[in-house]
Each structure stands twice: as structure tokens, then as C-alpha cells.
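Enquirer: All chains should be modelled from the sequences, with the hints used to inform the complete structure.
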Amino acid sequence: LICLVSHNVVSAKSEGDRKLPAALDRKIDFSKEVKPILERSCTNCHARGKDKGGFSIDHVHSFIAGGDSGPAVVKGKGDQSSLVDLLLSNDPEIKMPAKGEQLTLDEVAIIRTWIDQGMDWEKGFTFGKFRSAPIEPRKVKLPEGPESNPIDRILAKYFKDNGINPDSKVNDRIFVRRAFLDTLGLLPTTHELADFVGDKSAVKRDKLIEDLLNDNNNYAEHWITFWNDCFRNSYTRQYHGGGGGKITEWLKKSLIENKPYDQFVKELINPVQGSDGFIKGISWRGTVNASQVNEMQAAQNVAQVFMGLNIKCASCHDSFINDWTLKQTYSFASIFSDSPMDIHRCDKPTGEKATPAFLYPEIGEINPKAKRPERVKQLAEIITSKKNGRLSRTVVNRLWAIFFGHGLIEPVDEMDNPTWNQDLLDWLAMDFVNNGHNVKHTINLILTSKAYQMPSVPLDEDADEYIFKGPIVKRMSAEQFLDGIDMVIHAASDKFEQRGTGQKRAGLRNLNRLMQTLGRPKRDVVVTRRETVATTAQLIELSNGKAVADLMSRAGEVWSKSGHQPETIINKLFTTTLGREPSEKEKESAKEIVGKNNDPQGISDLFWILAMHPEFQLIQ
Numbered sequence: 003l004i005c006l007v008s009h010n011v012v013s014a015k016s017e018g019d020r021k022l023p024a025a026l027d028r029k030i031d032f033s034k035e036v037k038p039i040l041e042r043s044c045t046n047c048h049a050r051g052k053d054k055g056g057f058s059i060d061h062v063h064s065f066i067a068g069g070d071s072g073p074a075v076v077k078g079k080g081d082q083s084s085l086v087d088l089l090l091s092n093d094p095e096i097k098m099p100a101k102g103e104q105l106t107l108d109e110v111a112i113i114r115t116w117i118d119q120g121m122d123w124e125k126g127f128t129f130g131k132f133r134s135a136p137i138e139p140r141k142v143k144l145p146e147g148p149e150s151n152p153i154d155r156i157l158a159k160y161f162k163d164n165g166i167n168p169d170s171k172v173n174d175r176i177f178v179r180r181a182f183l184d185t186l187g188l189l190p191t192t193h194e195l196a197d198f199v200g201d202k203s204a205v206k207r208d209k210l211i212e213d214l215l216n217d218n219n220n221y222a223e224h225w226i227t228f229w230n231d232c233f234r235n236s237y238t239r240q241y242h243g244g245g246g247g248k249i250t251e252w253l254k255k256s257l258i259e260n261k262p263y264d265q266f267v268k269e270l271i272n273p274v275q276g277s278d279g280f281i282k283g284i285s286w287r288g289t290v291n292a293s294q295v296n297e298m299q300a301a302q303n304v305a306q307v308f309m310g311l312n313i314k315c316a317s318c319h320d321s322f323i324n325d326w327t328l329k330q331t332y333s334f335a336s337i338f339s340d341s342p343m344d345i346h347r348c349d350k351p352t353g354e355k356a357t358p359a360f361l362y363p364e365i366g367e368i369n370p371k372a373k374r375p376e377r378v379k380q381l382a383e384i385i386t387s388k389k390n391g392r393l394s395r396t397v398v399n400r401l402w403a404i405f406f407g408h409g410l411i412e413p414v415d416e417m418d419n420p421t422w423n424q425d426l427l428d429w430l431a432m433d434f435v436n437n438g439h440n441v442k443h444t445i446n447l448i449l450t451s452k453a454y455q456m457p458s459v460p461l462d463e464d465a466d467e468y469i470f471k472g473p474i475v476k477r478m479s480a481e482q483f484l485d486g487i488d489m490v491i492h493a494a495s496d497k498f499e500q501r502g503t504g505q506k507r508a509g510l511r512n513l514n515r516l517m518q519t520l521g522r523p524k525r526d527v528v529v530t531r532r533e534t535v536a537t538t539a540q541l542i543e544l545s546n547g548k549a550v551a552d553l554m555s556r557a558g559e560v561w562s563k564s565g566h567q568p569e570t571i572i573n574k575l576f577t578t579t580l581g582r583e584p585s586e587k588e589k590e591s592a593k594e595i596v597g598k599n600n601d602p603q604g605i606s607d608l609f610w611i612l613a614m615h616p617e618f619q620l621i622q
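Read in order, the letters of the sequence shown correspond to residues 3 to 622 in my numbering.
Among the hints, erroneous ones may be present.
[Said to hold, decoys possible] In silico SDA-like cross-links for lysine to any residue, where the CA-CA straight-line distance does not exceed 20 Å:
hint	residue 1	residue 2
1	Lys388	Val435
2	Lys171	Leu461
3	Lys125	Asp466
4	Lys171	Asn151
Please keep in mind that the hints were generated in silico from the structure rather than gathered at the bench. Remember, predicted model here, so these are calculated numbers, not experimental data.
Expert: As C-alpha cells, this is what we get:
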């Protein structure tokens with residue numbers, strides 16, 4: 003695309019050139035719009051060791067610096083950039099790309115607008131040779147130190163080097179609310195909150211985490227949401243056809259039992275009764291392209307969920323975002339096929355057949371002559387073998403990201419990326435395996451660390467480098483929000499002393515408009531992390547949506563008939579919703595809203611105010 007540096011051209015405008023398209027009036031997404039254009043048309047001459055004319059686009063800095071003839075772009079001024087001139091040129095001597103199809107005017111508009119907007123570049127991304135992380139496990143010697151939790155001992159030097167005080171910790175009220183929501187997806191009851199705050203034991207936080215993790219049913223009903231997203235386990239999907247069915251009963255039972263993760267994975271890859279929905283995938287209606295047949299779905303999803311690998315690009319052509327090839331991906335997908343798979347490039351047959359093979363043959367090989375059931379069994383054994391350090395690294399990284407809002411590696415589905423603390427990742431992964439692939443063991447280890455008990459911090463999206471300073475403030479999930487609302491309504495009863503919502507948990511209910519607006523996916527694709535940024539649609543739904551209005555109205559009716567005095571209702575609503583009592587000023591305002599006669603509408607209005615409050619919706 004950019005051989006301008008080879009022609010010693012600074013500006014290449016001529017009368018026969020196409021006209022400069024107007025800048026677009028929207029934000030350009032580098033990853034989704036710019037990167038594919040550059041990858042397709044640039045990299046043959048100017049990336050991965052090739053720098054024709056001294057010009058390389060491997061990094062944003064080399065892109066801006068230009069080549070032998072000077073800068074290719076003027077940052078912030080696309081209309082003054084030589085790159086844009088050459089993209090528009092019709093002169094066969096200098097037009098770019100020199101070979102192949104010209105960029106469309108729509109594509110030139112994207113590049114021009116991207117330059118106008120300052121050339122945002124995906125953090126950590128390079129067009130250079132892709133990093134490949136070691137697959138084998140790595141043993142890490144635990145450093146000496148006074149800290150009792152191994153996580154804190156490993157992080158001690160990191161904190162010292164970055165001038166961070168790890169001994170700073172949140173108060174009991176914040177901690178108990180954080181721990182309840184993170185482990186069970188529930189708010190603490192007023193009794194649980196009061197008992198914990200009043201407990202003078204030095205080890206009460208450790209005991210609380212142990213108690214929460216022993217609440218097997220509530221634990222399972224919370225964590226099933228995360229795994230449903232990962233496994234595309236929809237309660238309402240109507241288009242399975244020959245694909246897999248729901249795995250809900252098997253999944254909930256596995257979580258209640260705290261099934262060892264290696265066995266859990268084996269039963270999903272090589273299904274037992276009730277667990278085949280993940281591997282069978284979705285049989286889409288109508289015409290399906292080659293990259294979405296069931297065998298390819300299985301390969302893509304196993305790689306993403308269990309190995310932190312994105313091979314979706316390589317399901318259609320050699321990948322632009324990593325080193326996986328089309329042939330490797332088809333070989334992996336062929337493990338799940340009853341007959342030899344025809345390789346398709348961009349949905350067109352190449353005439354080649356794929357030979358079944360694992361992505362990492364160095365840790366285990368598939369017998370290509372074996373029947374499909376035997377190949378799948380071999381794959382399940384290889385992926386869960388102790389040689390595969392990627393399996394354990396991926397799951398402990400997912401857990402860390404859930405609790406802290408940022409993984410040891412980011413994004414969590416790109417495990418070849420560098421980590422901000424390799425020793426911590428490798429030690430947690432090895433400890434996970436050494437303790438029987440026990441997910442609850444690792445959760446307990448994380449939640450009893452000083453690191454987890456540090457005050458929360460806002461996400462700094464503009465920082466050049468991530469520095470761990472404590473958990474990042476998180477928004478409640480759709481399910482946590484709805485369960486929290488149900489718990490507050492249920493709290494009107496004096497019998498509200500046991501954990502729970504008084505009805506079916508939100509994570510076990512069918513998808514509805516409110517849940518979807520608040521971020522619950524349709525589960526037609528794998529989602530290992532939901533979007534956490536608030537949207538305009540969410541604000542509108544929470545402010546004016548019928549579902550929320552009905553919940554608030556129900557709360558007003560239930561609390562107005564509870565028999566409590568107005569001041570008691572106000573105190574209980576604050577304590578249950580926000581985990582604290584109202585201030586004197588808040589109490590006076592609340593009295594005016596509720597009135598002296600427990601007006602249902604007044605109570606409903608007060609509850610809506612509290613439910614919209616950041617103290618309720620954020621996990622701090």
C-alpha cells in the first residue's frame with residue numbers, strides 16, 4: 003500500500019487522481035476498520051521485517067516517522083498526508099498499493115479520518131512478528147517474606163518498585179459487600195453485614211471467604227452466568243437443529259460439586275450425558291459459510307475458552323492478528339469431523355483436505371487415522387495434561403480479571419500477549435494444578451490476599467502501561483443488579499435472614515429486554531468478558547423502562563405493607579441497598595419522599611433513587 007518511500011515522493015497529486023473524500027463524522031475504530039485495511043494492503047512491503055524504502059508500519063512510531071523520503075503522514079491532518087495522496091493516485095508509477103486492488107474511496111475516507119483523529123493505535127499491537135508465549139508450565143520459586151499469602155509475597159517487590167502501599171485496605175462494610183457480590187453475586191443481608199462489622203476476630207475476613215465458598219448452591223447459581231456466556235448456553239435458543247442442547251443441569255451440578263477443572267474441561271470436549279451442547283455448537287438455519295460449520299465452531303470455541311487463543315481469522319484465511327494459518331485451523335477442526343474436511347479459503351474450496359492435528363503437537367499428537375470419538379478423547383487428554391500450561395494459565399488469568407477488573411494478561415483471550423507479572427501468573431497456574439485443579443482453592447487464595455482487600459481504583463484507559471494498584475471499580479452485572487433488587491424487596495419481611503432473593507435467581511432466568519440492555523449477551527457467540535461501559539440505552543431503560551418501573555412499584559407495595567415505621571423502612575432500605583445507614587441529611591430527605599403513612603409511591607421513588615446510586619450499582 004505505501005511504497006511512496008520507494009519513489010522519493012512527498013506529494014503525488016495530479017489532475018487524474020481521485021478526489022479526496024470528506025472526513026467521516028464518527029470515531030474510527032483502529033482494530034475493526036484501520037487494521038484490516040493496513041494488513042491486507044500494506045504488510046507485504048512494509049511489515050514483519052520488510053521496510054521497502056525504509057518505511058515500516060510495524061509500530062505506530064515507525065508509521066509516523068516515515069521512511070527515506072520523510073513522513074508518510076501528518077498526524078491530525080489527513081488531507082496533508084502523502085499517504086492519502088498516493089492512495090488516491092491513478093498514476094501507475096506511484097499509485098498505492100502498487101499491485102492489487104486500489105482502496106475504495108470509503109476505505110480512503112477511513113484512513114484519512116483516522117489520521118485526522120490522531121491515529122489511535124491499539125495498545126500493545128504490532129504488525130511485526132507475533133509473540134508466542136511458552137506453552138509448558140513453569141515452576142516459580144516463592145520469594146521469602148513476612149506475608150502469609152503467596153500472592154502478596156510475589157507482589158511485594160512489584161509494589162515496592164512502583165511505590166504502592168499494599169497494607170492500605172478497605173473497611174469492613176466495603177469488603178463484605180465486595181466479597182459477597184464477587185463470590186455469590188448477592189448482597190449481604192442486614193444481619194450478615196452487622197454480624198461481620200461487629201466481629202472483632204483478626205481472621206474474620208478469611209473465615210468469611212471460606213463461608214461464602216462453602217455456600218455451594220448460591221455459588222453455583224452465580225458462577226453459572228459466567229460459564230453460560232463462555233459456553234453459549236442459552237436457555238431460549240430455538241435454532242439448535244442438529245447442534246447441541248442446553249448444558250444447564252450438568253453445568254450447575256458441576257459447579258455445586260466444585261468439579262476439578264481438568265475433569266470439567268474433559269467432559270465438555272469429550273462429552274458425557276448432558277454436556278454435549280458446547281462441542282456440538284449451533285446448527286445455524288440457512289446457508290452457513292465454511293468458517294461456521296459445527297466442527298469449526300468446536301475448534302474456535304475450545305481454543306478461545308480453554309487456551310485463550312483466537313483462531314477465528316485463521317478459520318477463513320491465514321490470520322492477520324497472530325501466526326495461526328488456515329491449514330492449522332482446519333487440521334484442528336478436523337479432530338471433530340467424521341470425515342476429512344475440505345479446506346476453504348474465504349469460503350472457496352482450495353482442493354486440499356485437512357489432516358487432524360492439535361495446535362501444539364509438541365505436547366501431544368492426535369492419531370489422524372483414528373475415528374472421531376477416539377480423536378476427541380485424545381484431544382481432551384492432551385488439553386488437560388500437565389504438559390499444557392496454557393490451560394491453567396488461561397483459567398487463573400480469567401479469575402484474576404473477574405476479581406480485579408484487569409487480567410494478568412490482556413485481553414484475556416489473547417494469552418500470547420505479555421503479562422505484567424510473569425512470576426505471579428506462572429505460580430498461580432502451577433499452584434492451581436498442584437491443588438487438583440481446584441477453582442475454589444484459587445478463588446480463596448485471591449480473595450484472602452492483601453491485594454484483593456486494597457481500595458478500588460478507577461480504570462485509567464489513557465495510561466501507556468498498566469500498573470496494578472488494586473481492584474478496578476466494577477459495575478454490577480445484569481444478574482447481580484436484578485438479584486440485588488429482588489433481595490431488597492424480599493428484605494421487607496422480618497423473615498429475611500437467610501441468603502437469597504426469595505425467588506429464582508436472575509442467572510437462571512430466560513433472557514429479556516432489561517437483561518440484554520444491561521449487558522447479558524444473546525449467547526450466540528462465545529463471550530468471556532462482558533462490556534462494562536455504561537451505555538445510553540442502559541440509562542434510558544433504567545430511567546424510563548417498564549420492567550424497572552414495575553420492580554420499583556412492587557417494592558413500594560411490599561414495603562408499604564410490611565408493618566414497619568417510616569424511619570425503619572428508610573434505614574432498612576439504605577442498609578440493604580447501599581450497605582450503610584443514611585446520613586442525617588439523607589434521612590430527612592428520605593422522610594419527605596416516603597411520607598408519614600408509608601406511601602407506596604414514595605417508597606418506590608426512594609428505592610429507585612437508591613437503586614440508581616453508584617454505591618448500589620458499583621462494586622468498590
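Enquirer: Output the numbers, in ascending order, of every earlier hint that fails for this structure.
Expert: Hint check: nothing fails, all pass.
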